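J.: Sequences listed follow chains Y and L, in order. The first sequence begins at -11 in my numbering and counts up by one. The second sequence begins at 194 in my numbering and counts up by one.
The set of hints was computed from the structure by calculation and includes no laboratory data. Predicted model, so just to flag it, every value in this text is computed and none were measured. For glycine and all other residues, C-beta sits at the position ideal for the given N, C-alpha and C. It is possible that part of the hints are untrue.
What the hints assert, rightly or not - Listed next, the in silico EDC-like pairs over lysine to aspartate or glutamate satisfying Cα-Cα at most 20 Å (straight line):
hint : chain 1 : residue 1 : chain 2 : residue 2
1    : L       : Lys373    : Y       : Glu141
2    : Y       : Lys296    : Y       : Glu175
3    : Y       : Lys505    : Y       : Glu600
4    : Y       : Lys470    : Y       : Glu489
5    : Y       : Lys212    : Y       : Glu187
6    : Y       : Lys527    : Y       : Glu574
7    : L       : Lys438    : Y       : Glu43
8    : Y       : Lys527    : Y       : Glu475
9    : Y       : Lys396    : Y       : Asp410
10   : L       : Lys442    : Y       : Glu43
11   : Y       : Lys505    : Y       : Asp571
12   : Y       : Lys97     : Y       : Glu141
13   : Y       : Lys12     : L       : Glu325
14   : L       : Lys442    : Y       : Glu605
15   : Y       : Lys230    : Y       : Glu187
16   : Y       : Lys271    : Y       : Glu87
17   : Y       : Lys557    : Y       : Asp260
18   : Y       : Lys250    : Y       : Asp164
19   : L       : Lys324    : Y       : Asp9
20   : Y       : Lys12     : L       : Asp326
21   : L       : Lys442    : Y       : Glu218
22   : L       : Lys438    : Y       : Glu218
23   : L       : Lys351    : L       : Glu334
24   : Y       : Lys527    : Y       : Glu605
25   : Y       : Lys296    : Y       : Glu130
26   : Y       : Lys12     : L       : Glu327
27   : Y       : Lys250    : Y       : Glu475
28   : Y       : Lys98     : Y       : Glu146
29   : Y       : Lys197    : Y       : Glu211
30   : Y       : Lys98     : Y       : Asp49
31   : L       : Lys438    : Y       : Asp49
32   : Y       : Lys396    : Y       : Glu426
33   : L       : Lys442    : Y       : Asp93
As the list claims (entries may be wrong) - Quick partial rundown of chain L residues pointing at chain Y, CB under 10 Å, derived from the structure:
hint : residue
34   : Gly299
35   : Lys302
36   : Gly443
Unchecked claim - Quick list of simulated restraints, FRET-style, between CB atoms:
hint : chain 1 : residue 1 : chain 2 : residue 2 : range
37   : Y       : Glu225    : L       : Leu385    : 54 to 64 Å
38   : Y       : Asp93     : L       : Tyr440    : 34 to 44 Å
39   : Y       : Trp111    : L       : Pro231    : 56 to 66 Å
40   : L       : Tyr421    : Y       : Pro186    : 45 to 55 Å
Here are the chains, one letter per residue:
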Amino acid sequence: MKWSGYNNLEELSEVDDAGLDTLKRRIGLAGFVVICFLVLIVSRLWFLQVHRGAEYKGRADNNRVRVSEVAAPRGNILDIKGREMVTNRPSFNVVLVREDSNDVDTLIKKLATALELDISVLWDKLREADGKPRHIPIRLLEDVDWQTLAYVENHNQEFPGIRIEAIPSRVYHYQDVAAHAIGYLGEISKKELAARDPEIYSGGDLIGKMGLERLHEQDLRGEKGSSSSEVNARGFEQQLLKNIEPLPGNDIQLTLDAELQKVAEDLMAAGDKAGAVVAMEVKTGRMLVMASNPVLPLSQFVGGISHKNWNALLDNEKHPLINKTVQAMYPPASTYKMMTAMAGLATGVITPETVFYCPGYYRFAGRRYHCWKRGGHGAVDLKRAISESCDVYFYQVGLKVGVDNLAKMAGKFGLGHRSGIDMEHEKGGLTPTKAWKEKKYGKKWQEGETLSIAIGQGFNLVTPLQICLMTATIANGGTRYKPQIIEKVSDPDGHVLSQFEPIIGNQMGGEKVFLKKIQQAMEEVIHGRRGTARKVRIKGLTIAGKTGTAQVVRLKQYRHLKEEDIPYKYRDHAWFTCYAPADDPEIAVTVLVEHGLHGGSGAGPVARAMLEVYFAERIEAYAEEEKNKKK
Amino acid sequence: MLRVDRRYFHNFDWGLLILILAVCAMALANLYSASYPPSTYGMPPYMKQCYLFLLGGMGILFILCFDYKALLFWNYPFYCLIIALLVYVLVAGNSAGGAQRWINLGLFKLQPSELAKLILVVTLASYYSRKEDESGYGIREMVTPVLLTGLPFLLILKQPDLGTALMLGIIFVSMTVFAKVRWQTYALGGILGSCAGVFAWFYLLKDYQKQRIETLLDPGKDPMGQGYQILQSKIAVGSGGFTGKGYLKGTQGHLHFLPERHTDFAFSVWGEEMGFSGSVFFLTAYFAILVWGLYAAMTARDRFGVFLAFGVVMLIFWQAVINLLMILGFLPVVGIPLPLVSYGGSSLLTTLFALGILMNVRMRRFQTGQNLDMEKVKQ
Chain Y
-11 MKWSGYNNLE ELSEVDDAGL DTLKRRIGLA GFVVICFLVL IVSRLWFLQV
39 HRGAEYKGRA DNNRVRVSEV AAPRGNILDI KGREMVTNRP SFNVVLVRED
89 SNDVDTLIKK LATALELDIS VLWDKLREAD GKPRHIPIRL LEDVDWQTLA
139 YVENHNQEFP GIRIEAIPSR VYHYQDVAAH AIGYLGEISK KELAARDPEI
189 YSGGDLIGKM GLERLHEQDL RGEKGSSSSE VNARGFEQQL LKNIEPLPGN
239 DIQLTLDAEL QKVAEDLMAA GDKAGAVVAM EVKTGRMLVM ASNPVLPLSQ
289 FVGGISHKNW NALLDNEKHP LINKTVQAMY PPASTYKMMT AMAGLATGVI
339 TPETVFYCPG YYRFAGRRYH CWKRGGHGAV DLKRAISESC DVYFYQVGLK
389 VGVDNLAKMA GKFGLGHRSG IDMEHEKGGL TPTKAWKEKK YGKKWQEGET
439 LSIAIGQGFN LVTPLQICLM TATIANGGTR YKPQIIEKVS DPDGHVLSQF
489 EPIIGNQMGG EKVFLKKIQQ AMEEVIHGRR GTARKVRIKG LTIAGKTGTA
539 QVVRLKQYRH LKEEDIPYKY RDHAWFTCYA PADDPEIAVT VLVEHGLHGG
589 SGAGPVARAM LEVYFAERIE AYAEEEKNKK K
Chain L
194 MLRVDRRYFH NFDWGLLILI LAVCAMALAN LYSASYPPST YGMPPYMKQC
244 YLFLLGGMGI LFILCFDYKA LLFWNYPFYC LIIALLVYVL VAGNSAGGAQ
294 RWINLGLFKL QPSELAKLIL VVTLASYYSR KEDESGYGIR EMVTPVLLTG
344 LPFLLILKQP DLGTALMLGI IFVSMTVFAK VRWQTYALGG ILGSCAGVFA
394 WFYLLKDYQK QRIETLLDPG KDPMGQGYQI LQSKIAVGSG GFTGKGYLKG
444 TQGHLHFLPE RHTDFAFSVW GEEMGFSGSV FFLTAYFAIL VWGLYAAMTA
494 RDRFGVFLAF GVVMLIFWQA VINLLMILGF LPVVGIPLPL VSYGGSSLLT
544 TLFALGILMN VRMRRFQTGQ NLDMEKVKQ
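Next up, chain Y with everything else stripped away, as it sits in the complex (with noise of 0.2 Å):
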């Protein structure tokens, strides 16, 4: 190798060595600085590993772990046998996580066009949950078929930031039936929220919104169950890390027997019937029926309810959104004339041989009122006076005993209260008395009004609850149990957390030997040959009861008329209440129905079927019997 000018370059590098060595003393310099970054570097490196090192190891875990809850399993709603009238089942939600996908937008198209969905359904999802943290689960479809599902599965990898959830949903086995009591659940609201603990509740979760799902939300709820798992960068999950499984809620057995309950709620349907029908076990204040006509759709609340449905409920002439057991006060009309004669025996006034003389009015005051019969019942006598229905009978009776008495002695039925029972918004009725009208109106009681008072009208208001509970407790001999829906409370492995007992609200006293009397005017009702309900007669069963008519409004234009060409809102309400066996009674049961013209009529059919059904057995035993006679 020859390189040209070699020696040139030789001599160029031996430059004098004064100048070398100030050269090299600046190396120490250099030296120095570079010394300096170094002690730079490692103290930049103690203040992020040790200094914070704590902080940012708890934030590199927010980065990969990702904690998502498992919804807990509401517990089951039984009925008083055992069957399952609401459990669950799991569904299938589609929903965005934001924070893992990049885009939005392009991953809404994407979708939209993959399951072929209307895409401004997607959005409007999107814009609800504006403002939400980006981290929370957005539900864009809910309840999906396992076709959506197996193709979204599959398709993950295309769709970041899309999820499956799966989450219970409840299945109702008997469809609406006892809707009312049962009540509905709905995606917790932003007010509910605040007012929880957020310990248990967050957004999305699913919360009792009416009946025994809200009452009862403690029991039903459960634990939730969360599930740790390590997440990559772009949100795959890599590994699961921890997993609490979800605590199913307890289950709640209730005192309603769910198939006499369906059948009342049909009997109602069929006769497109609007109203109540509430049984009662007069021995211990189980209720067997709560049923309120017409029902709640519970199915279009699964999910939410949409505005269309929700104002056709509330625009509804029969109101289906009350729950017409509890909620709704009715005069009592003549079911009151037990209570009013109850009174009158109780305080002495009339004892059960008493004889009014009924000319088909009275004359008080000047006025004329009117027995319901125009031609009169002639002398009438506690029996008659109840199994006929006489209201001049009771027009007197009320006279003599007053208001004040009267109120006194519906309070011992539990007219004019509320009962306690385990449902919302119960409403209290009412029973008038002077002081009340003083503070009320600012005026003096009239007498006459005392005369309405006796026959269930004016003032007097009562639930149909508090009819059946009425009923009950003449049947009973005097016991006023409280009401209760309640059976068993049970945790998931079966221990019972709570049982039901009989609580008995009131006790008659001394009063209690004119109960007899009065049972048997009820039976008459039924059983005598002018009895106002003996259409409901059965053959195996003694039953006592009642019928009443409850007037709406007194409009003279509307008296001509024929019955069914009066405005429907116009019509008088039906009410039927009894007991039975009329010798050892059982269940008491009370039938309502609203605008329904004639108790025995219009509401005592139902309450006939549904002995039929609860007695069964006992009319097929007698039936058996029978023809075992005639041969």
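Given chain Y, work out where chain L should sit, using these hints.
T.: Just chain L now, with coordinates in the frame of chain Y:
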């Protein structure tokens, strides 16, 4: 042909070699973790890096065979070659991310801009060693080195690769200050420099480059972009704590939260898995090479050797400092690798060649002008 003098073995700095080998071994182990789990296709980065280490080792051997003085002659041909390559990549190079930087060589993609750093060191060392001025350089003497630096600087800026271009500037400033200039030169340089900076901000810098600088000044402004990278890096390093999460057990890196984890942010992986203690251990070894290098400059036989060794140390030092300060959240993301540690063929080979030159200077520290092997070469 070439016969190797036994004295070279005697004078060879085995301690420096062991230090370099130790750092390289740690860097390879870290790269294995950074690209763990290995992807199913292609050669994993650590394997490629292994081959490149071998290639670089052979390069070092080759460099050691010649007296570094040969570079006094070869620097201009090399300089011309690198300018040609830089022009070539601008015209026909492979582009990635909007920048034209590479020439594909199969095993790795040659980035002439990386090599340009080393060539610049050699060129400036050659220039300053030839021109000596005890009172410091005046403005007239500075024209040539400014032009020598300016040409590759502008070509690299055009790619655009702001980080590497700035590296050239930093190398130039380090070596020039080291060579000593007059205060008038500093003043003029300062004025021209700031004018160029202002001009560049408004006319030359691309938006993404400005954004990087803005992000540094206000990291909260852009949490998902540049700021996100720096934040994830700080989380990675910080979460390592004192003892680290353990080798292959870092979560930030393996779950992809850490961006560029086997290239620019490779040291974050080390910091996360090895913690403060491991990081200090590594940095001590790393900076020991630099200090040793400065010692090599101090003991060099001649002015060229001093400048060469000093320039090589500065080349590695500034890249390391900028990279580490970026990883630790002190500087914007500028795309400067950590020499020897970051994955990348051009950077690794350049660094190994530079270390080869350093060892060469160190090895030939006792020789005088009557160079024995050169005489043998002439024979």
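J.: Taking the hints in turn, state whether each one holds.
T.: Hints versus structure:
1. L/Lys373 - Y/Glu141: Violated - the C-alpha atoms of glutamate 141 of chain Y and lysine 373 of chain L are around 69 Å apart, more than 20 Å.
2. Y/Lys296 - Y/Glu175: 18 Å, holds
3. Y/Lys505 - Y/Glu600: 26 Å, violated
4. Y/Lys470 - Y/Glu489: OK: lysine 470 of chain Y and glutamate 489 of chain Y at ~10 Å, within 20 Å.
5. Y/Lys212 - Y/Glu187: Distance ~10 Å between lysine 212 of chain Y and glutamate 187 of chain Y Cα, so the pair holds.
6. Y/Lys527 - Y/Glu574: 17 Å, holds
7. L/Lys438 - Y/Glu43: 15 Å, holds
8. Y/Lys527 - Y/Glu475: Answer violated: lysine 527 of chain Y to glutamate 475 of chain Y is near 32 Å, above 20 Å.
9. Y/Lys396 - Y/Asp410: 25 Å, violated
10. L/Lys442 - Y/Glu43: 19 Å, holds
11. Y/Lys505 - Y/Asp571: Holds, at about 13 Å.
12. Y/Lys97 - Y/Glu141: 18 Å, holds
13. Y/Lys12 - L/Glu325: 14 Å, holds
14. L/Lys442 - Y/Glu605: 74 Å, violated
15. Y/Lys230 - Y/Glu187: 18 Å, holds
16. Y/Lys271 - Y/Glu87: Cα-Cα ~60 Å, so violated.
17. Y/Lys557 - Y/Asp260: It holds: about 14 Å lies between the C-alpha atoms, which stays within 20 Å.
18. Y/Lys250 - Y/Asp164: Given that 20 Å is the threshold and the Cα spacing comes to 9 Å, the pair holds.
19. L/Lys324 - Y/Asp9: 16 Å, holds
20. Y/Lys12 - L/Asp326: Holds, because 15 Å separates the two Cα atoms, which is no more than 20 Å.
21. L/Lys442 - Y/Glu218: This hinted pair holds, its Cα atoms lying about 13 Å apart.
22. L/Lys438 - Y/Glu218: Between lysine 438 of chain L and glutamate 218 of chain Y the Cα gap is close to 16 Å, so the pair holds against 20 Å.
23. L/Lys351 - L/Glu334: With a Cα-Cα distance of about 27 Å, the restraint between lysine 351 of chain L and glutamate 334 of chain L is violated, given a limit of 20 Å.
24. Y/Lys527 - Y/Glu605: 12 Å, holds
25. Y/Lys296 - Y/Glu130: Holds - the C-alpha atoms of glutamate 130 of chain Y and lysine 296 of chain Y are around 19 Å apart, at most 20 Å.
26. Y/Lys12 - L/Glu327: 13 Å, holds
27. Y/Lys250 - Y/Glu475: Distance of about 19 Å is within 20 Å: holds.
28. Y/Lys98 - Y/Glu146: Distance of about 9 Å is within 20 Å: holds.
29. Y/Lys197 - Y/Glu211: 18 Å, holds
30. Y/Lys98 - Y/Asp49: Measuring from Cα to Cα gives roughly 32 Å; hence the hint is violated.
31. L/Lys438 - Y/Asp49: The hint holds at about 12 Å.
32. Y/Lys396 - Y/Glu426: 17 Å, holds
33. L/Lys442 - Y/Asp93: 36 Å, violated
34. Gly299: 30 Å, violated
35. Lys302: Lysine 302 of chain L check fails; min Cβ-Cβ to chain Y is 26 Å, beyond 10 Å.
36. Gly443: With Cβ-Cβ at 9 Å, under 10 Å, it holds.
37. Y/Glu225 - L/Leu385: 54 to 64 Å: 57 Å, holds
38. Y/Asp93 - L/Tyr440: 34 to 44 Å: 42 Å, holds
39. Y/Trp111 - L/Pro231: 56 to 66 Å: 43 Å, violated
40. L/Tyr421 - Y/Pro186: 45 to 55 Å: Given range 45 to 55 Å: violated, Cβ gap about 29 Å.
Comparing the model with each earlier hint shows violations of hints 1, 3, 8, 9, 14, 16, 23, 30, 33, 34, 35, 39, 40; every other hint is respected.
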